[in-house]
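If you read the sequences in order, they're chains A and B.
For the first sequence, position 163 matches number 163 in our numbering, and the numbering has no gaps at all.
For the second sequence, position 29 matches number 29 in our numbering, and the numbering has no gaps at all.
Don't take each hint at face value.
As the list claims (entries may be wrong) - Sample of chain B residues with no beta-carbon within 10 Å of chain A, all distances over it, derived:
#	residue
1	E23
2	L38
3	Q98
4	I103
As the list claims (entries may be wrong) - Calculated cross-link-like contacts (lysine-lysine; reagent style BS3-like; alpha-carbon spacing at most 30 Å):
#	chain 1	residue 1	chain 2	residue 2
5	B	K49	A	K178
6	A	K71	A	K43
7	A	K287	A	K207
8	A	K43	A	K125
9	A	K125	A	K222
10	A	K2	A	K125
11	A	K222	A	K178
12	B	K83	A	K287
13	A	K308	A	K207
14	A	K222	B	K85
15	A	K258	A	K130
16	A	K287	A	K178
17	A	K178	B	K112
18	B	K83	A	K222
19	A	K178	B	K85
Quick caveat, the hints were computed from the structure, so don't treat them as lab data.
Remember, it's a predicted structure, so these values are computed and weren't measured experimentally.
C-beta atoms are modelled at their ideal positions from N, C-alpha and C, and glycine is treated no differently.
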Amino acid sequence: MKILAVDDDPIILELLAEVLSVAGYTNLTLCASSVEALDIVAKSDVPFDCLLLDIQMPGMDGVQLTSAVRKMPEYATTPILMITAMSERTYIDSAFAAGASDYITKPFEISEVHARLRVIEDLVKERRRKDDRNPVEVKRDASSTVTQADLEARMALSDIDGCIEYLALENYLLQVSKISLFGMRAFGVVVPDVHRIFQSSSLFEYKSAITDIAEAISDCLKPRDFFVSHAGAGDFACVINGGETFDVATLENNIANKLREMDLHFCDGRPMTVTPVVGEARALQLKSGRGVVNSLTRALADAEAATKNRPVRKAASSWQMKNILGF
Amino acid sequence: MKPLNAEGLSSGLARVRLRFIDELQVRRSRLIELRSQLDDQSQCSEAMKEIGHINHKIAGTAETLGFPSLGASAAAIDNIIDKTKAWPTGPDPALLNQIDSIISEMNLTQEKGDCA
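Only chain A is shown next, with the shape it has when bound in the complex:
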C-alpha cells in the first residue's frame, strides 16, 4: 500500500515511519507541509493508496489539504486518515466535511494506528479486486444499462455540501461518540421503488438521479449541521446536529418540492418521478461504539418501513414506456 504522511513535526513523521514499517507498510513517503504534499501528489505517476494528514500545520492546514486533494479525480475516494492532536468537535466536523475518511487523535496508541490501517488496506484491496475482476466495469460507458451491482454500490457524492462516504459517516460517529452525541439525530431517506424506476435506465441516468436527490436532501437540511451518505440504491443515511425541532413531515415535503423544482427527466425526455420518504429521527445520545454505527442501519430500516405507509405515485418505468409507445 502506497502511503503519504504529512506532518510538520519531524518526530511524528519518524514515529509513523517506525510504527508503519513494523506492520509491513514500507512504501511510505513523508513530507512536512501541505504545499509539499500537493507537489508530491501532482508529480506521482501512481496515485497514493492512502493519505495520513495532520491538521494543524503552518500555511495550508490538513483540512484545506484534504479539500484540495479531494478535488483531484484520482483521489475522490482515496482513504484519508487524519492523525491530529485536535480532538475538539469543530475540528472533527470540518475534517470529515472536507472529505476525511477517518480520524485518530494524538497521542495515539500504536495498536490503534495499525487497526485503522488494516481496515484501510482491506478497503484498498477490495477496490483493487473489484477492478481486476471487472476490468470492463471500470471502463463502462455511462450510457450502459444500470446493473444490480450499480444499484447496490454506495456513491461518494463528495461535491455536494454535507455529503460524505458511508464509511466516513460511520467513522465520524465513532469519533464524535467519544466526546458527546448530545443533540444529534440519525434518520434515513429512502426512495421507494428504485429498482423499478431505474430498470433499463442508463448508469448515467441513475447516477444523475442519485446525485440530484442527495443535492435536494442537502439543500433542505441547510442551514443545520448535517452529514448525508448514500447507502446504495435510493437509500441515504443522514445525521443532524441540534435536531430537537426536526420535523420529518416538513423535511419530506421540502425534499419532494425541491425535486419537483429540479424537474428530473430521463435522457429520452420522460419525467422521472421520485418521491423520497423520510424515516423517524432517532436521538444518538447515550449510544457508544458499534451502537452508534448500528443507528444508521436502524434509521434506514425505519425509513424503509415508513415507505409502506406512504401513497406511492407510480411512474411508468422505461420498460413499460417502451411497451406503451410500441418500441
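Use these hints to put chain B onto chain A, whose structure you have.
Chain B only, in chain A's frame:
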C-alpha cells in the same frame, strides 16, 4: 499486513525517543526565549502562538514515546492557548506557571533520557 515485529518496534521506538529528547533540548531553549518575550505586550501574542505550537507538537508524541506526564502538561498549555484569541493584558499568571513548570519538566525528561 505482515505480523507485527515487536522487537523491531521496540528498537524503532527507542531511536525515535532519542530523537525526541534531542529535539526537546531545542524546543526547551526556544520556550525559554519565548517565555522572556511574554512581558512585552507587543511580542506577547506572537510568542504565545509559538509557545502553543511547540506544546502542541510535544503533546502529539510524548505519551506514545513513554512520557505521559510531559505530554499531559503540554496538552494542557496547548488547549488554553488554542482557546484564547487574544492576550490584551498579557497571559494569566496560572498559565505562566504552567509554562515555567513545563520548561523544568522538559529539563528533567532530558536528563532522564540522557541517563537511559
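Hints, one by one, checked against the model:
no.	hint	result
1	E23	violated (6 Å)
2	L38	holds (21 Å)
3	Q98	holds (17 Å)
4	I103	holds (19 Å)
5	B:K49 - A:K178	holds (28 Å)
6	A:K71 - A:K43	holds (16 Å)
7	A:K287 - A:K207	violated (33 Å)
8	A:K43 - A:K125	holds (24 Å)
9	A:K125 - A:K222	violated (36 Å)
10	A:K2 - A:K125	holds (12 Å)
11	A:K222 - A:K178	holds (26 Å)
12	B:K83 - A:K287	holds (28 Å)
13	A:K308 - A:K207	holds (25 Å)
14	A:K222 - B:K85	holds (29 Å)
15	A:K258 - A:K130	violated (36 Å)
16	A:K287 - A:K178	holds (10 Å)
17	A:K178 - B:K112	violated (34 Å)
18	B:K83 - A:K222	holds (27 Å)
19	A:K178 - B:K85	holds (26 Å)
Consistency note: the structure conflicts with the earlier hints numbered 1, 7, 9, 15 and 17.
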